[in-house]
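Those protein sequence lines, which keep their order, are chains Y and X. Going by numbering that gives the first Met the number 0, the first residue of the first sequence is number 0, and it counts up by one from there. Going by numbering that gives the first Met the number 0, the first residue of the second sequence is number 0, and it counts up by one from there.
I should point out that these hints are in silico values taken from the structure, not numbers from a laboratory. Check each hint, because a few of them may be wrong.
[Stated by the list, open to error] Below 35 Å or equal to it, Euclidean Cα-Cα: the simulated DSBU-like pairs (lysine-lysine) are: (1) Y/K238 with X/K363; (2) Y/K359 with X/K363; (3) X/K277 with Y/K277; (4) Y/K389 with Y/K363; (5) Y/K363 with X/K359; (6) Y/K359 with X/K347; (7) X/K324 with Y/K238; (8) X/K341 with Y/K324; (9) X/K238 with X/K363; (10) Y/K341 with Y/K324; (11) Y/K363 with Y/K347; (12) Y/K359 with X/K324; (13) X/K363 with X/K268; (14) X/K238 with Y/K347; (15) X/K341 with X/K324; (16) X/K324 with X/K363; (17) X/K176 with Y/K268; (18) X/K277 with X/K341; (19) X/K238 with X/K140; (20) X/K324 with Y/K363; (21) Y/K363 with X/K341; (22) X/K140 with Y/K347; (23) X/K359 with X/K238; (24) X/K359 with X/K324; (25) X/K389 with X/K238; (26) X/K277 with Y/K359; (27) Y/K363 with X/K277; (28) X/K176 with X/K140; (29) X/K268 with Y/K277; (30) X/K238 with Y/K341; (31) X/K359 with Y/K324; (32) X/K238 with X/K341; (33) Y/K277 with X/K347; (34) Y/K238 with X/K176; (35) X/K176 with X/K238; (36) Y/K140 with Y/K238.
[To be verified] Here are the computed distance ranges between Cβ atoms for each label pair: (37) X/R43 with Y/K277: 35 to 41 Å; (38) X/N336 with Y/P242: 33 to 39 Å; (39) X/S99 with Y/P242: 36 to 42 Å; (40) X/S99 with Y/E261: 44 to 50 Å.
Just so you know, even glycine gets a beta-carbon here, dropped at the ideal spot from N, CA and C.
The chain contents come next:
2 protein chains.
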Amino acid sequence: MTISSQEARAFSRTQGARFVEELFAFLRIPSLSGDPAYAPDVRRAAEWLAEHMQGLGLAQVQVMETAGHPVVYGEWLGAGPDKPTVLVYGHYDVVPAEMSDGWQTPPFEPVERAGRIYARGATDDKGQLFIHVKALEAYLKTSGAAPINVKFLIEGEEEVSSPNLRPFIEAHLDLLKADVCVISDSSMRTIDEPAITHSLRGMTYLEIEVSGPTDDLHSGFWGGATHNPALALIEILGKLYHPDNTIAVPGFYDDVVSLTDEERAMIAKTDLSEAQFKQSTGVPAVWGDRTYTIRERVSARPTLDINGLWSGWSGPGPKTIIPAKASAKLSSRLVANQNPHKIYEQIKTYIESITPPTVKVSVKLLTTGEPALIDFNLPAMQAAARAYEKGWGATPVFTRGGGSIPVVADFVTLMEIPVVMMGYGLDDDGLHAPNESYSIEMFQRGIETAIVYLEELAAL
Amino acid sequence: MTISSQEARAFSRTQGARFVEELFAFLRIPSLSGDPAYAPDVRRAAEWLAEHMQGLGLAQVQVMETAGHPVVYGEWLGAGPDKPTVLVYGHYDVVPAEMSDGWQTPPFEPVERAGRIYARGATDDKGQLFIHVKALEAYLKTSGAAPINVKFLIEGEEEVSSPNLRPFIEAHLDLLKADVCVISDSSMRTIDEPAITHSLRGMTYLEIEVSGPTDDLHSGFWGGATHNPALALIEILGKLYHPDNTIAVPGFYDDVVSLTDEERAMIAKTDLSEAQFKQSTGVPAVWGDRTYTIRERVSARPTLDINGLWSGWSGPGPKTIIPAKASAKLSSRLVANQNPHKIYEQIKTYIESITPPTVKVSVKLLTTGEPALIDFNLPAMQAAARAYEKGWGATPVFTRGGGSIPVVADFVTLMEIPVVMMGYGLDDDGLHAPNESYSIEMFQRGIETAIVYLEELAAL
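Next comes chain Y alone, as it looks inside the complex:
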């Protein structure tokens, strides 16, 4: 049996249009993991993917239950026990999307425009995980076999910080056993600058509610002697930051591992200019802690962002009330070695300490995720670099990702295997935003790189 990556690559090129059509079917399922109302759709997406894997000839394909949304598992172990096994991790769930957020076309009716696929989940992560499915298909449909064994672990709760994945891994260590884990759920700056992510930020996500009067009050009758909960909330939130834009929560930076000169030099390879940042985001000016470069701020430094704010009347026209309550969603992106639970306690304690007696406050933890930092000198990491050179056609840089894939830390600690993050997205794909999109060229080159990577891993 001759296994040819060249034939697999050629096959993938001829099948590109069909692959995109299949991806469209996957994207049409609104698998929003954060909203209980969409639970049936989340399950439908899992079932769609399992059926698709089954059709390709994978074994042990299962939609496996967790305490939350299910995990999709499937494997092809035809390379035999002498060959290494790669575990592909991805997620089939997505974040919310509504036309009113500013979508040009409905987020769950994928369309192709100018070489890009527009849909929620196009790049994060349905499109990127599908690359690995199609890479395996290309081997199986041409050579009848792949160079190494492949297992898939595709979860449905990544966008809610994977609350049930760690217990799932712990309970299925034998089933999942592998030599390396590969994840495509990150991005590069431009199509000619592929990147292997070796660091991710963790997260602490919390909600705060300030309450005052029992009900909304008439602002004429009670205004002037009532501490408006919306005002109290903004006063509290304002105290979370110093004037230099650093975070004022006592102890917040205590555990942060300082960047070495060498690390700062590596980060500088992918630095973002102020002009590029403004171009990509549309902001009028760059902000942040000026003692760090822009790239450092968005990848190697912790943050505290307001993700949502609501109180009182936001409908049309005026309504002269003092709202009874005011709330905010807040999340902190964390870096090694910050502990998400410790950070939560610090924020909560600080908020409680600065809340005046004129209102009540409640702080609630929503989710957490550990930060991760992987050594890029590991053989599986270097094999990935070679795969990009041959499959993508460019030498990758090792970068730090600003986002969070909480499970990465779990794979490293529970399975004791390296995690190689080969992100096939672009920084400006607009994930989590309206008009999320994915380049069809990136999709194709991703499939070819994934094909070569299996060959490179076989050669280790």
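Place chain X on chain Y using the hints.
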């Protein structure tokens, strides 16, 4: 023709249950003036009221067009040109109400519980304006005539600050001509402490929008170098106040007429204790400018309140975005002699001056209303005091109202007549809040006092 207030009062007592039933029909119409979607209901309320007046034998009953919602006019001039004419002003529009705000029963399905009517508009102002309609009915159905002439001007835009009423009055000065204007759209502390309001606060209502990135951004990719618009908004709002809870907008207090010792002594007659304030509102502690008493703060001092706040994600679960925009509704209650437009310009200029270059800001005026201050030694005011003594059974106090009835200033300046504010509500009726209610006993005593007031005006 003998005109007897005693007979009219006796009649009103026997008809109480019917009057309440009629009021229920009026309250069932969701006449929300602030939301364009309810415009047909607003008109329906106007038509209901006009038809009701017609049925009582009023003349010239008309639903009169304005640039916004219509005005209901009706008159009974049977007392003849030698007798004075009173103009009754009220409003048939209401503020929004939804079950999800915390209503125990649907806001537009009035119910009676323990002697109170629960419905949006029960006290503000359908119930209170109806008192005058029923007082006139009582005279007409018993004596066949009232002691003086009565005109009704009932508008449908009070809750959006009456943008079209001033031009309406200007265009109909002859039709509306009267010797005194009476308004029941305010309240007393307890049923045994009737109050005649001689001062009202004005208003400047504005909306502020802070924008940064073109679309919502992924907080992992861009967090740390993007000035989160929600953070920028709270920083801006925070700077509107001094640490002592006074308003930091430059020039804000410049035109405020200082309270004299005599005025402070009068306000002290109705002072609110911290315990009473907490009891009425449910707040854990009283707030505000500690150089003024609680009653002064809520009636004789200007305020700046946040009425609404919205940005980013407020649905269930976490969503890790940096919102593209953040908005707030803000309103300032003004006192004599503050000018609402000048205050708007001061706030707008200040907000623009403190907005950092990392975001954009837009400030928009929604509505304004002039403050008013009426001399309580005028004969029509003293007649009202006697009406309470005879009709209500208690001597009223002259108080300052914290709310705003913008048209009061217009009546005073355009028609050159005194405006007598005989509020038949209670401070804790919960107007503008969930579970707004109105005491049936207040309704009945209001009708009897209104009956006596017509007699007292005739005797002047």
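Going down the list of hints, with the structure as the test:
no., hint, verdict
1, Y/K238 with X/K363, "holds, 27 Å"
2, Y/K359 with X/K363, "holds, 31 Å"
3, X/K277 with Y/K277, "violated, 49 Å"
4, Y/K389 with Y/K363, "violated, 48 Å"
5, Y/K363 with X/K359, "holds, 31 Å"
6, Y/K359 with X/K347, "holds, 31 Å"
7, X/K324 with Y/K238, "holds, 21 Å"
8, X/K341 with Y/K324, "holds, 30 Å"
9, X/K238 with X/K363, "holds, 18 Å"
10, Y/K341 with Y/K324, "holds, 27 Å"
11, Y/K363 with Y/K347, "holds, 8 Å"
12, Y/K359 with X/K324, "holds, 27 Å"
13, X/K363 with X/K268, "violated, 39 Å"
14, X/K238 with Y/K347, "holds, 24 Å"
15, X/K341 with X/K324, "holds, 27 Å"
16, X/K324 with X/K363, "holds, 15 Å"
17, X/K176 with Y/K268, "violated, 80 Å"
18, X/K277 with X/K341, "holds, 34 Å"
19, X/K238 with X/K140, "violated, 60 Å"
20, X/K324 with Y/K363, "holds, 24 Å"
21, Y/K363 with X/K341, "violated, 42 Å"
22, X/K140 with Y/K347, "violated, 67 Å"
23, X/K359 with X/K238, "holds, 17 Å"
24, X/K359 with X/K324, "holds, 9 Å"
25, X/K389 with X/K238, "violated, 51 Å"
26, X/K277 with Y/K359, "holds, 13 Å"
27, Y/K363 with X/K277, "holds, 26 Å"
28, X/K176 with X/K140, "holds, 26 Å"
29, X/K268 with Y/K277, "violated, 60 Å"
30, X/K238 with Y/K341, "holds, 31 Å"
31, X/K359 with Y/K324, "holds, 27 Å"
32, X/K238 with X/K341, "holds, 19 Å"
33, Y/K277 with X/K347, "holds, 27 Å"
34, Y/K238 with X/K176, "violated, 56 Å"
35, X/K176 with X/K238, "violated, 47 Å"
36, Y/K140 with Y/K238, "violated, 60 Å"
37, X/R43 with Y/K277: 35 to 41 Å, "violated, 52 Å"
38, X/N336 with Y/P242: 33 to 39 Å, "holds, 37 Å"
39, X/S99 with Y/P242: 36 to 42 Å, "holds, 39 Å"
40, X/S99 with Y/E261: 44 to 50 Å, "violated, 56 Å"
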